[in-house]
Each structure stands twice: as C-alpha cells, then as structure tokens.
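Position chains B and C against the provided structure of chain A, taking the given hints into account.
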Amino acid sequence: MEYEPVIGLEVHVQLKTKSKAFCGCSTEFGKEPNSQVCPVCLGFPGSLPVLNRVFLDYAIKVALALNCTVQEKHKFDRKNYFYPDLPKNYQISQYDLPLSKKGYLDIVVGDKTKRVGINRVHMEEDAGKLIHEEDTSLVDFNRTGIPLLEIVSEPDMNSPEEAYEYLTFLKSVLGYLDVSDCDMEKGSLRCDVNVSLRPKGVLALGVKAELKNMNSFKGTKDALVFEIRRQEEILREGGKVIQETRLWDAKLSETFSMRVKEEAKDYRYFPEPDLAPFIISAQKLEEIKKNIPELPRQKLERFVKDFCLSEGSAKILVGIKKDADYAQSCIESWEGKDKKPVVNWLIGPLLFEANKRKCGISDLNIPGGNIELINLIKSAEEAKISNLAAKGVLSESLDTAKLAREIILEKNLYQVSDTESLDKIAEEIIKGNPKSVMDYKQGKANAIMFLVGQMMKKSNGKANPIVARDILKKMLTDGG
Amino acid sequence: MMELNKLTAHELIEKLSREEITSDQIVSCLNKRINAIDSEVKAYARVEDGLTSWPVNQLASYNNNRQTGKPANRQTDLQGIPISIKDNICADGLNTECCSKILEGFKPPYDATVIKRLKEAGAIISPLKTNMDEFAFGSSTENSCFGSTRNPWNLECVPGGSSGGSAACVAADEAIWALGSDTGGSIRQPASFCGVVGLKPTYGRVSRYGLIAFASSLDQIGPITKDIRDSALLMNVIAGHDPNDSTSVNIDIPDYTKSLEMDIKGIKIALPKEYFPEGLDPEVKDIINEAINKLKSQGASFENVSLPHTEYAVEVYYIIATAEASSNLARFDGVQYGFRVQDARNKTRNLIEMYKKTRGEGFGEEAKRRIILGTFILSHGYYDAYYLRALKVRTLIKQDFDHVFKGFDCIVTPTSPTPAFKIGEKVEDPLKMYLSDIYTISANLSGIPAISIPCGFTKKGLPVGLQILAKPFNEEMLFRVAYAYEQSTEWHKMKPKL
Amino acid sequence: MAIDEGVVKHVAHLARIELQPGELEKLSRQLQSIVDFIDKLKKLNIEGVEPTSHILPISNVLRPDETRESLSTDMALMNAPCRKGNFFSVPKAIE
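Chains as they are written, first to last, in this note's numbering: chain A, 1 to 480; chain B, 1 to 498; chain C, 1 to 95.
Looking at chain A on its own, in the form it has when it is part of the complex (with noise of 0.2 Å):
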C-alpha cells in the first residue's frame, strides 16, 4: 500500500511595527530582559489594551495578499490558559470573527504551481519567553504584546517540498509586503506542523503529530522527512499513530513525543470585554489594497509570461522583491529578444557571488552598474572571451571594484581569434596528439572537443573555442 501524507501549517509572524500591538513599549529584538515592558504588557492590574493601528493596518494587508476575505466586523477573544509566559494569563486572540478567512497561496513545486488553501489569518500578541534553569524557569516579557499575525494553511499540502516551498512563498509575500522579517532563527516567524499519513486514494484523515520547535525552513522540512517515515513504518508494522505534539531536535535530525500526558485544550474563549470591535469599511479595503505592490506569484507570471522564463527560472528571480526588481531592470536592459543569456546570468554566476556574500543578487553593488554587467554577458555571448573567464571577471570585479573591461584589458583575456596565430597552435596540438586525431579521422566526432581543449590550455584560456574548433576541423579534413 502506497500512503499520502496530509501537511497543514500553522505560521505566527511576528509583524514590524515600532511598538507593541496594545502599548507603546519598543518591539526592538534582543534588548536586556524585562527593559521593553509597561503595565499594559505586563498585565498590571488596572491596565488595559488599545490596538496599534498599524497592527491593523499590516494584518489587513498580509490578509489580502493572501487573497483572504477581510470580514467587515470582526473582534478580539481572550484565550484563557495559565503558563509563566503569559501575564495575564488570558492572550488576546482573535477566535469566532478572526480578521479574514478563505485566502490561498499558490507555490511552485518543480516546475509546477499548486494552490494552498488559507483557513484563517488572524491577529493576536506575542507571549514571553522563558529560559529554564535546572529547578527554575525564568521570565522576560520583552517579546509580550508584540503583534503577532497566525496563518493557518488548510492541510493542502502533500510532501515535505511542498510545505518547504509555502514557507518560502509566504516569506516571500510577506517580505514584498514589507511587514516582517520572517526570520526563524530570531523567532519572528515560528511554525506548527500537523502532519498524518492516508493511504494513497483514501479521502478520510489519518491520526496527526504536531511538530514543533523547528527552526528554519529546511529544518521543517527535515522533521517533515523524518516525521512521514516514522509515520509509514508504524502504519506498515500495523501500528497506530498516536496523536500527540512531537519536537524536532535538528542536532539529532528527529523528532521526539514530549511525552506529557495532555490535557483536553479548554481555552475559554469570550470576547475581549476591554476593546471595542472593528468595522473595515470597503472603503479602507481599497485604501490599503492601492497601497499593495506586485506580489510574487504576479511577478512570477510576467516573468514567464514577458521573458519567456521557466517557471522554476521565475522563482529564484521573484523570491525577494528588491532582487527581483533587479533582476527585471537587469533582463530589460538586455536588447535581444531571447533573455536566456540575461536570465542565466542572473541564477547563475550573479546569484553564486550573492550567496558566497551572504547578499542578494540587488546587494552586490556591480562596480560600473547594470551597463556593466551587460556588457560583461554580451562579450561572454559573443565569445570575445569565454564564459569561465567572465565569470572569474565578475568575481573580481565584485572584489576589488574595478570595472569589468578594465580587468579584461589588463589580463588580456580577450579571446585570440585570428587564424594566424591559432593555426600555429592547432597545428601544434595536431602533432603532439595522434591518438585523438586518429580517432576524430576514424568518425569519433567528440574526439574533436579534446583537441579544442588542448587549444584552449596552449592559448591560456585565451583561444576562441569556437574559432579554434573550425581550425581542427579544417586542418583534420584537408591535411588528409
């Protein structure tokens, strides 16, 4: 029996606003602990909420990139359980009429693009966090109160690539949005995996494991990994799948039961007496929709669409909105019709120098700009040198900021592509290799790639290969 796993993600998202979603503490990361806190975070007695409206303003946004209904009313619960983290031990969440509900997000896996149902986006506030000692836990409510938005994914998804392809395309939306930094190792995004396992064609839903305490996208997807194998080895043992909230440790690549006799969540949930509902006006909705730049799965689109990109091309271009808007001035300023050479360019050596930087592709700052670098390709294109030599231009060029011909010229790197003076290194390389010229004579057509490589080390790189190819391979034919 074959068997499907059934993933649904549950992402909180820090958002970025300057201060918190019911006070006016700072949500600046890493301060001293307990620095960032007032009575109202700290849930003094006495105090009481006011919503940021930036909060407001961000959460509406990421709903609407998400193509999420934003409700006109909506409102505030409080979810009641005890834990140190939480002050008040109430946290104002968001449970029967959440901000929007419905949305979806489309995510290339491969070269295919498959639609992920959104269940819910709601607002809430950050709890604390906790530092466990041998017999102690201690508490800092500096991360307490900041706006926190949870994305809920229907379980759309069916392997591990496909949840790993989500988390990049929501950071990416987010990212475009401009609304929060997505980093996981900080903690201002975390992610909640409900995964189960169904034999292939069967409709009903399996027992799920939560997956927690994943920090990074690829780490999510190695616990996926893990996780769906555990899974299939009870199923196929005739085992059962306990439904229990399972941690990832990344050090030993597995994930584990807490092992916590769980109670039946009763959270308790009521309206949030201390704050009056909220009415989005269709009004508001236009405003902050103008207000939404080209998402990613447009730009994606027009890539294809207007570059003639594969969609897997698309999506390394697209997934930071600064790089890809680079990227296209890049493509655009190249004049030919086919922007393959452009593209190539673009994933390849440029996003190689980025990585090896730690930036993006927008951050390497190419010394003479964009004019540069399509000249640099062009020559590349046109052989007048060759594409390892380019390469090794652009690198140093990015390194000691000197302008890409001007390193050309000094290294004279230039392909040599008179005949004179390659005929006499052809003729050479005729000599001093008689098995190949044998086996070229003999119809061993590659054998002819062999002699242009000897060229090209003879010239120092330098021989145009293609050049120096219809030399051999008129020397081969008429010399007899």
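Because the hints were derived from the structure by calculation, they are not lab data. Heads up, some of the hints might be wrong.
Unchecked claim - Example chain A residues on the side facing chain B (calculated, C-beta under 10 Å, incomplete): (1) GLY46; (2) ASN89; (3) LEU275.
Claimed, not checked - Partner residues are not named here, just some residues of chain A that face chain C (Cβ under 7 Å, in silico): (4) THR17; (5) SER19; (6) CYS25; (7) SER26; (8) ASN34; (9) VAL50; (10) PHE82; (11) PRO84; (12) VAL139; (13) SER281; (14) ALA282; (15) TYR326.
Remember, predicted model here, so these are calculated numbers, not experimental data. The beta carbon of each residue, even a glycine, is placed where N, CA and C say it ideally should be.
Frame of chain A, contents of chains B and C only:
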C-alpha cells in the same frame, strides 16, 4: 478649630479660596477623625500603617500654587482638597490590594487615569485606601482580608458593598469625599445604606484605566459624596475621554454643576412596577413614595411603566460578571506581584502546584466561588447555555430601558429593597447576598447612569436611598432631579452619632 | 445541570485553585444552588436576539504606532515575589 472634615468639598473650596483655612488643617482634621473612630467603623484598609504619610509633595505643590497665584478653573479646581480612594484603584506607589491577600504588598508603578486627573486638579490623594469586598465581590464589605467595615449609622450593620469603605468614610466624616467602583451596584447600594450620594456614571464616561477589573464590561468608577454638588464637581474632574481605555467614549463633558441650576418642572419620570413588588419592605416603600411626592410637588410627572426583563437581571449579571472575573483574576498567580506560596526551600516543587496553592490560599471564599463559577460558565460545553444566552438576555434588558427612555426623562426606584442588614446575616447564603443588588444591577447591564441619594430613615434610624436612572451620557438629568430633591430636604445634612 | 464534586474539581483545576476537602463539598453545594438559579434563563425565548458583549456603540478604537517610554527594569520587577537578576523567577515550567 472647626471640624473641617464634616464639610463638603465645595464648602472647603470656598473657605480655601477666601483663605480662611489651609489644606493642612483639613488633613489634620481628617487624621484626628480617623484616629478617633476608624477603629470602630473600619472604613479604611491598612490603617495601622500609620496616618502620617499624607503626600507631603502634593501638599507643598498645592501651597506653592496658591502662593504663585496660579489661575484656577473653578469647575475643575480641587486645589488642596483631600480625597479617599477605594483599594481597587491604582495610585502610583500606594498599596493597592483590592483588600485581598493575593495582592499583598502590591504597589502599582502607575496612576489610574482618574488619579492622574485628580492630581492634575490639585486634589490630595489620601494615603489610606478605603476598605472593600475582596475584588469588589460582595454587597456588604464583609469579604475583605482586612475585616468588615461597619455602618456608621449602626455599627452592627453592614455599610453595603462593595465600596462600603468609601461610603462609610464619607458618612462618618472620615473623608471629604471618595471614589468607589460600581459593577452591579457597588457605589449606589453602600451610598444608600450609609446615607450619602453615590453615582455610577454611564459605561464609558469615566476611564477604567487603573481600576483593577472585576467585570470589564460592567465596571465604572464613580463619586461617593455628601451632597449632589460635590458629585457634580467630582465628575467634572474624573469624567472624559481617555486614549488609554478603548471603552472610554470620546464625547465632550459638560460642566455638571450647570445642571444644578435647572428646576424639574415638566420632567417625566417613569416608575417601573418590577421595582415596587408586593413584598417590598414597607418602610422602604413609604419612604420612596414620600420622595416621589416631593418630586411631584416640584412639577415632575410620574407614570407607571414596565421593564419586563428585570426578573432575569440578577441571573444575567452573575453569569457575565463571574465569567469576566474568572479571566480578569487569572493574572493573580504569584509570578509578577503580590502573594506567592513559598515552601521551606523558597520554592514549590512545580509550577502548577505553585499556581494552585497561591490562588487557593490567596483568594478569599467569595472570590474562589466566583472564579470557579465563572470558569465553569466559560468552560467547554457550557458557553452557549450560559454565557451566550446571558449576553442575549442582556440585549433584552437594554431594550427595555431604551423603550422607556423614548417617553421619559428618567426612572426612579428604591436603590435597595431593604435598608442595611446585620453583619453576618447573609454571609452563609451567597444567593441571598446576590439578590440584595436586584435594583442596581440593570443599570450596569444596560450601561446607563444611575445615582443613589439619601431620601429618609427607617424607624431604627437606618438611611434609605432613592435611585434615579437616565439615558446613556445624561448624568445631567440625574444631577438635575437629584439636586431639586436635595434642595427640598435635609437628609443629606444628617450625621450619624459616633 | 447537576454540579457534583467532580465537576467542581475539574473547574478548580482549570482555574488553578487548590480547594481543601471541606471547601470542595461546601462549594459544590453552593454552586449547585447558584446554577439552579441561573438555569432560570433557559425558560426565556431568545430566538433571533443578538448578544450584547459591548454595551457601547463604538468601534475601531486605535492608537498611533508610536513608542512610549517603558518602565525601568527595576520598576517592572519591584513587586516580584521572586526575582533572579533581571528576570521573574518561577518553579520550572515543563511544557
């Protein structure tokens, strides 16, 4: 020296402005009075902490302001007038414990908005907070970790509650005036039992910021005073929009003392039959009827009406109030402030045990009862049957009032079905205690303003209060009718023998 | 609705309140009579009635996204029953 503590705030303001007296003299008269009788009345919490700690800074700044001739706004100028505050209203650096062991030693690092406004107006905040039922859970001020307050008119009787300390200290001249809070009658019922004036403003009129919440959708802070003019004066200072309270309404505040200049000719008053049942205490009934006649003689007209859902008000109230309270009081867990159970090694074995022991020991009986009731009401499977249903009936109760106010300017009822009862009489029967709020609860459920004013005494010498209710944000109507009545009577001038 | 000691025990656990044996018995009895009392609401026909969770007709109360000065760490921890460094300290929370 004259007993300045016996005067009203507006009388003292007059004397201060004529420089006949000083603020220090008022404070020393209050100290003397508190020293003399508070051991009997027990209107204040933590009296043993000493009386010497009146805020010297505030006194000095008051004296300075007077010397520098800082211009004063007569309507909001309370320069040098002391005021006593219920123990559930936060004042920066002053113990604010809701008369509960669980808040033992809690000193808020901030001022409630009303306190801020009072300080800005020049008022002097009494360092002694007034006694109350723990977390305002009660109608008799017997549920305080500091012991029961007694009724100044009869020390064997309760002063009402939960603002019993505020009402008693004003009645006993241990304060010039005071602030209380009212969730289901906690200002009006004790005002009625103690023969003073108590106002619950419209929900949203006075900021709740800094009021330790009991039931957030019902709570309001309000004045407890010796007469109507003081009530209006105090409202001029404490009412108004507060950006720190999302449920505070942004509507301009009138000068409430202006309402005192208007007569009540042609005012239409409704008498809801549900508030005058067969079994109403005959003495209370007679006294209220007499008051009605007084108002008639001044030109008001009366008509009988019905508020048909009144009979459900207590049920609705106890569902909503306890549900909200169970959540509001969850924060008292021994982590950030107040009491925490400690074992010999200065820690408890685990967190849940610490929570449970701290809350089990820190809360009094009534608090535990209400938290558990409220938790039950919100718990899985019961929400729709109780909480949601109560919210719907709340709508019906509100609609009853809307309907009556279409044809009437105000409603008049007794504040409480009985005068003050004996200490201990209802402690063992929570339901009986809950029913003593039967006439005051509806105003909280429907958010409307209501005032209780003294309107006579029983043969045994216990005060009786008249309740007036008006449309939302029409406190002026309350002051207008109440003042007209007060002008034609002497009840507010009567003093208990202590 | 019948309120037995089991129900009260469960609810007391949800509310994190330890009850002494005597308390449990007494509270169960009292809660039963209160619940019987509030059960009276079930008689009323509430079909089509909207619930009122906020009595005021106000909405969209918002504040600008501006920072305000926080409390000093010492002020924040001033009331703490158990402080360790700049943290509140509690018995170990095992999730």
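Right, here's what the structure says about each hint:
{"no.": "1", "hint": "GLY46", "result": "holds, 4 Å"}
{"no.": "2", "hint": "ASN89", "result": "holds, 4 Å"}
{"no.": "3", "hint": "LEU275", "result": "holds, 5 Å"}
{"no.": "4", "hint": "THR17", "result": "holds, 5 Å"}
{"no.": "5", "hint": "SER19", "result": "holds, 5 Å"}
{"no.": "6", "hint": "CYS25", "result": "holds, 5 Å"}
{"no.": "7", "hint": "SER26", "result": "holds, 5 Å"}
{"no.": "8", "hint": "ASN34", "result": "holds, 5 Å"}
{"no.": "9", "hint": "VAL50", "result": "holds, 5 Å"}
{"no.": "10", "hint": "PHE82", "result": "holds, 5 Å"}
{"no.": "11", "hint": "PRO84", "result": "holds, 5 Å"}
{"no.": "12", "hint": "VAL139", "result": "holds, 4 Å"}
{"no.": "13", "hint": "SER281", "result": "violated, 9 Å"}
{"no.": "14", "hint": "ALA282", "result": "violated, 14 Å"}
{"no.": "15", "hint": "TYR326", "result": "violated, 30 Å"}
The structure fails hints 13, 14 and 15 (numbered hints given earlier, in ascending order).
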